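*Asks:* Sequence:
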Amino acid sequence: MKIILSALIGGALGFVLVALTGILTLQHDGRQGGVVFDIFSREVPGITNPQAPILPIIGIAALGALVLCALVLPEEGSERTARSMGFLLVTAATVGWGLALGPNLGIYHDMTAGDGVPPGVPGWLRYGSTEPSVYLVAFLALGVLVLRWSNIRAKRSAEESRSA
1 MKIILSALIG
11 GALGFVLVAL
21 TGILTLQHDG
31 RQGGVVFDIF
41 SREVPGITNP
51 QAPILPIIGI
61 AALGALVLCA
71 LVLPEEGSER
81 TARSMGFLLV
91 TAATVGWGLA
101 LGPNLGIYHD
111 MTAGDGVPPG
121 VPGWLRYGST
131 EPSVYLVAFL
141 ALGVLVLRWS
151 NIRAKRSAEE
161 SRSA
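Counting along the sequence shown from 1, when you hit position 153 you're at 153 in my numbering, and nothing is skipped either side.
Don't read these hints as lab results, they were simulated from the structure.
Quantities reported herein were computed from a predicted structural model and do not represent experimental measurements.
Beta carbons: idealized from backbone N, C-alpha and C, even for Gly.
There may be inaccurate statements among the hints.
[Stated by the list, open to error] Label pairs and their calculated CB-CB ranges:
id	residue 1	residue 2	range
1	A62	A154	31 to 39 Å
2	A61	G33	15 to 23 Å
3	A62	K2	26 to 34 Å
All chains, full assembly: derive it from the sequences and hints.
*Replies:* Structure follows, in structure tokens:
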């Protein structure tokens with residue numbers, strides 16, 4: 001039961017990573033262009049001067065670090081593996097869905113030539129699925145998982161050689 005719960009937590013972490021990264025990416029791109037976005041609708045409630053998007057950048061970095069800590073810190077080996085596997089599966093599915101929603105040609109294209117930023121979760125996933133930090137966290141989680149498996153195999157082979 002703990003392993004299933006751990007896998008579900010990992011899956012939730014994957015979805016939250018892509019969605020929140022999408023929100024922060026929209027805010028990042030909007031600040032650079034001087035646009036204020038309502039994250040739940042297509043509306044642009046305000047126009048400002050273009051700014052350096054420092055807070056969204058810090059938010060994306062902090063979110064990635066928190067997710068990696070949540071994947072690496074659990075004590076039990078099988079729970080860590082289940083959490084990482086759930087994270088990787090849901091992240092891959094969410095990114096695939098976000099990419100399938102349509103080509104992301106950038107926020108400037110969406111605001112001028114396109115139909116605008118997609119509202120709600122589809123827009124978050126569309127922008128989150130193209131953010132490199134999502135791929136970085138996923139590849140780091142995969143690397144940690146592979147290292148765990150190689151350590152387990154090395155321990156098993158060492159135990160087998162001792163008993164033989």
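*Asks:* Where does the structure disagree with the numbered hints, that is, which hint numbers, in rising order?
*Replies:* none
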